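Participant: Below, each chain spelled out in residue letters.
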Amino acid sequence: MSKKRNHILVVVLIVALMLTFTACASQTAAPAPAPEESKYPEKAISVLIGFNPGGGSDQLAQLANPFLYKYLEVSVSNIYKPGATGAIAWTELAKQSKNDGYTISVTNTPMLMTNYIMNDDITYNIDELTPLVNVLTDPGVIVVGKDSPFKTYEDFAKAVEENPGTVTVGNSGTGGDDFFTTLIWEKASGLKVQMVPFQGDGPSYQAAQGGKIDASFTNLGVVYGQVQAGNVRILATFTNERSGLVPDVPTMKELGFDVVAGSSRGYSAPKGIPDDAKAALIEAFEKTFKDPEFLANIAKLGQEPDIMIGDDYAKYLKDSETEFINIWNEVKDQVK
Amino acid sequence: MDNILLGLTNVLTLMNILAIIGGTAIGLFVGAMPGLSATMAIAILLPLTFGLPPATGISMLASLYLAAMYGGSIAAILIRTPGTPAAAATVLDGYPMSQKGQAGKALGFSLVASLVGGLISSIALLTVAPILGGIALKFGPVELFAVAVLGLTMIGSLSQGSPIKGLLAGVVGVMIAMVGMDAISGAPRFTFGNIQLYSGIPFVVALIGLFSIPQAIRLIEKDQELIKPGSIKDKMLPSFKELKSMWVTMIRSSFIGIFTGLIPGTGGDTACWFGYNEAKRFSKHKEKFGTGYPEGIVAAEAANNAVVGGALIPTLALGIPGSSATAILMGGLMVHGIMPGPTLMTQYADVTYTLIWALFLANFAMFGVGLLFTRVSVSVTKVPNKVLGPIIIILSVIGAFSINNNIFNVYQMLGFGLLGYFMDKVKIPSAPMIIGMILGMMLDNSFNQSLMMSQGDYFVFFKNPISATLLAIAAFSLLQATPLFRFIRRKIKNKVA
Amino acid sequence: MKKQFIYNLVAATVAILFAWIFYYESLDLPRVAYLFPRRLTYVITILAIALVIEAYYKYRKATLEEQEEGIKVLRASIFTVSIALYVFSINIVGYFITTPLFIFGTMYFLKSTKTRNILLITIAFTLFVYLLFVRFLNLPIPLGSFS
Chain A
1 MSKKRNHILV
11 VVLIVALMLT
21 FTACASQTAA
31 PAPAPEESKY
41 PEKAISVLIG
51 FNPGGGSDQL
61 AQLANPFLYK
71 YLEVSVSNIY
81 KPGATGAIAW
91 TELAKQSKND
101 GYTISVTNTP
111 MLMTNYIMND
121 DITYNIDELT
131 PLVNVLTDPG
141 VIVVGKDSPF
151 KTYEDFAKAV
161 EENPGTVTVG
171 NSGTGGDDFF
181 TTLIWEKASG
191 LKVQMVPFQG
201 DGPSYQAAQG
211 GKIDASFTNL
221 GVVYGQVQAG
231 NVRILATFTN
241 ERSGLVPDVP
251 TMKELGFDVV
261 AGSSRGYSAP
271 KGIPDDAKAA
281 LIEAFEKTFK
291 DPEFLANIAK
301 LGQEPDIMIG
311 DDYAKYLKDS
321 ETEFINIWNE
331 VKDQVK
Chain B
1 MDNILLGLTN
11 VLTLMNILAI
21 IGGTAIGLFV
31 GAMPGLSATM
41 AIAILLPLTF
51 GLPPATGISM
61 LASLYLAAMY
71 GGSIAAILIR
81 TPGTPAAAAT
91 VLDGYPMSQK
101 GQAGKALGFS
111 LVASLVGGLI
121 SSIALLTVAP
131 ILGGIALKFG
141 PVELFAVAVL
151 GLTMIGSLSQ
161 GSPIKGLLAG
171 VVGVMIAMVG
181 MDAISGAPRF
191 TFGNIQLYSG
201 IPFVVALIGL
211 FSIPQAIRLI
221 EKDQELIKPG
231 SIKDKMLPSF
241 KELKSMWVTM
251 IRSSFIGIFT
261 GLIPGTGGDT
271 ACWFGYNEAK
281 RFSKHKEKFG
291 TGYPEGIVAA
301 EAANNAVVGG
311 ALIPTLALGI
321 PGSSATAILM
331 GGLMVHGIMP
341 GPTLMTQYAD
351 VTYTLIWALF
361 LANFAMFGVG
371 LLFTRVSVSV
381 TKVPNKVLGP
391 IIIILSVIGA
401 FSINNNIFNV
411 YQMLGFGLLG
421 YFMDKVKIPS
431 APMIIGMILG
441 MMLDNSFNQS
451 LMMSQGDYFV
461 FFKNPISATL
471 LAIAAFSLLQ
481 ATPLFRFIRR
491 KIKNKVA
Chain C
1 MKKQFIYNLV
11 AATVAILFAW
21 IFYYESLDLP
31 RVAYLFPRRL
41 TYVITILAIA
51 LVIEAYYKYR
61 KATLEEQEEG
71 IKVLRASIFT
81 VSIALYVFSI
91 NIVGYFITTP
101 LFIFGTMYFL
111 KSTKTRNILL
121 ITIAFTLFVY
131 LLFVRFLNLP
141 IPLGSFS
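Protein chains in written order, with my numbering: chain A, 1 to 336; chain B, 1 to 497; chain C, 1 to 147.
Source of the hints: derived by calculation from the structure; they are not laboratory data. Some hints could be false.
[As the list claims (entries may be wrong)] Only pairs whose alpha carbons sit at most 30 angstroms apart, straight line, appear in this in silico BS3-like list of lysine-lysine: (1) K70(A) / K300(A); (2) K244(B) / K111(C); (3) K463(B) / K146(A); (4) K386(B) / K72(C); (5) K491(B) / K72(C); (6) K222(B) / K58(C); (7) K43(A) / K70(A); (8) K100(B) / K158(A); (9) K382(B) / K114(C); (10) K425(B) / K58(C); (11) K491(B) / K111(C); (12) K288(B) / K3(C); (13) K192(A) / K463(B); (14) K100(B) / K146(A); (15) K386(B) / K3(C).
Source: prediction; values computed, not measured.
The following block holds chain A by itself, in its conformation from the complex (with noise of 0.2 angstroms):
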């Protein structure tokens, strides 16, 4: 009789026990509200990031994150879900996040619109999201090794003229940012240079930076440190004027061709959020785009804002997305 006693006991202190921790767990997310009037925000924000802990959409979260928690009042906290080029947290920002305004996602192009124009089985796209800044750009370069016998663009250009399709020119994966500047850029020229796909930014640089392909197709923050240490040297950057971190490189204007590409990040929410929501979360980042310390540790990244707020930052969106339509249904059957 006290040992079924005892299991019943058992029993209730497990249901109590699993009852506390959910309780507990769901209520990390939210804290009592404030009892007055139900304005936003009330409770923590999380940012989903589609990549790993360290790379640039995290290394940009992580500086804006105390800005925000700052303007906002209320805490804002990553949340990693990295896979499929960021698409997994994409889908789950587009398909599946409650659109309150408290889940928000870094959103970087052309990865964001290039996933699904490449892949059928990606199915969220940008009007399904709802765009709310854009931070920074990081602008496409073309990057040589120290040794490079290529001093400047018009040299590089020349030897691909003369040897067409078989200069290697590296980019940080076929379907990246990279990948689409150089498309855009032999589309735009007229020359046809042998690609080569790396796993990353890192291993297309450092494989020209060590003489093993002859250029690398790649971002300005990236290879910053190496070209102030004078290991890398920039041929041309893709921007509408010159960066002033590089201010002796030539832009690809000046040179003739109307090139601008680079990849950007920003933050978008999922469609349909309420309007104050969304107008308190604008608010809060123009705050911190004013932040001189805000700018300070952007500058130490190697990164140049590029700010687009709200509808700008949509238009932008809709247009990029056209562009790299019309691009992938060109190449689509070359690269297949």
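Fit chains B and C to the supplied structure of chain A, relying on the hints for placement.
Facilitator: Coordinates of chains B and C only, in the frame set by chain A:
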């Protein structure tokens, strides 16, 4: 030289020493927990160190990285589940030692080897980093292909009993590594329309599944205990006499670790197998490997700890991270306004050399804290099997989940677990499958990249001195495994005699 | 030994099936992507056949029936099934409900130790996971219908 001494005086402050000890303690813990990795811990702790002076914060994280390499062997030895991928090779001889009731001793060997490996690589980092750093740049696709081929030849020597079974497991492992988006064409391969498979199957998931689930089932399927409980009072540290025969192995493994760390794209997970395999190749007692032979533990553990210093060499000398953990450390330096790159050794020499000395001292902290931590953890061998079994399952599930915060990985882990249990019954070894998974992607990508760079010329692999040498070693290892080689050797021996 | 032969036969069949499913999947792939995996398919097929041949010779040669002692098949099967149930119910029911149930249930079934101790272990472990992974590491653990 001045910089080196400056670093030494900088590191000897109370705050730095405390940071090193703290980092070491956390490292031991995350290393010992299957699923929690040093990379993850560094990423999570990084923002917390922003408030500290750069040298202190980064020193703490580097100590963590080092200690986790030893920590991984604790779970590998006690419960046959590698705590980190770098401890996978330690399982082969560590767990059999536990079964013989020598768990404490096995951990002692592991600790000493970790200390030696760590010290040798710290000294290399302190003295010849600028010279060795350049090696990282010498490894492009062509050379990496040769490394992958050389790595795969280990499968032959690691498949005890039946080479056919080992090869089959290895090739299936390579095939599994093909799952995911193909880096060359961008096409999703073998993903069956599921975007969860686009990034491939994380091999840590497979590792946890293949090792720990079969172990949990094995623990409960019989009534008698699998492990003889080791006594906490057992002498843990090996005597000098016991170590005497292993110096060569330890030093060899340390150099293997440093070089594996240097090469971007390879780290502790590869180094432990290389270290183990070379120890076996040069040993007079090949048959003892895999049966609880301390030299096997020593070979793997010296190699994985040496990776830490090795991976930091190109990071500090060139700003090129040698492993994923050092990539995050580099990000940490950038947030402190220190631009990684060659200027680290000159412009920021105070921070850099403080960090290097901190790593050097972390070896001793790891030894001290490790000794205490290990004494306590040996008591795991006293836990009844039937309690340990379910707990291993809980740890594996949360470990597999925490890799990508994705429940899908837990399902995959379970799948590999059942596969591992079945492989165990058919006596197909799982180690070759792990090696196949680690190297498979590298093999395919570097092969295609090399051919793109050479305009389709297959001889590119023989024209390059590094890859030609590595491929020759690979060919030699294959030959060594055939009866022909034994025949020739016997002939030569007879002639001499 | 006959059992071992059958096991090997099953293993070879599974490997060949696995390899050819991948081969079938590779049909739509571009050339660079299918080249290497298809070669692997052939290698796996050859090795799997070799495995069966090797096992057959061993079976012919061996006379002694090798017997593993004391395996409780039913117990191991129930344990394995409960692992699978546990894993697949996490996302539906919630981690902090299934986990204590799994620990308590399996240990009770295995008669691991005294009921009181099992309860203590259950509480201690759930607490440990909660504090470390939810509180400290902030992992988005599925909480199921109770969240």
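Participant: State for each hint whether it applies.
Facilitator: Evaluation of the provided hints:
{"no.": "1", "hint": "K70(A) / K300(A)", "in the structure": "holds, 21 angstroms"}
{"no.": "2", "hint": "K244(B) / K111(C)", "in the structure": "violated, 46 angstroms"}
{"no.": "3", "hint": "K463(B) / K146(A)", "in the structure": "holds, 24 angstroms"}
{"no.": "4", "hint": "K386(B) / K72(C)", "in the structure": "holds, 13 angstroms"}
{"no.": "5", "hint": "K491(B) / K72(C)", "in the structure": "violated, 51 angstroms"}
{"no.": "6", "hint": "K222(B) / K58(C)", "in the structure": "holds, 27 angstroms"}
{"no.": "7", "hint": "K43(A) / K70(A)", "in the structure": "holds, 14 angstroms"}
{"no.": "8", "hint": "K100(B) / K158(A)", "in the structure": "violated, 70 angstroms"}
{"no.": "9", "hint": "K382(B) / K114(C)", "in the structure": "holds, 16 angstroms"}
{"no.": "10", "hint": "K425(B) / K58(C)", "in the structure": "holds, 16 angstroms"}
{"no.": "11", "hint": "K491(B) / K111(C)", "in the structure": "violated, 61 angstroms"}
{"no.": "12", "hint": "K288(B) / K3(C)", "in the structure": "holds, 28 angstroms"}
{"no.": "13", "hint": "K192(A) / K463(B)", "in the structure": "holds, 26 angstroms"}
{"no.": "14", "hint": "K100(B) / K146(A)", "in the structure": "violated, 58 angstroms"}
{"no.": "15", "hint": "K386(B) / K3(C)", "in the structure": "holds, 27 angstroms"}
Comparing the model with each earlier hint shows violations of hints 2, 5, 8, 11, 14; every other hint is respected.
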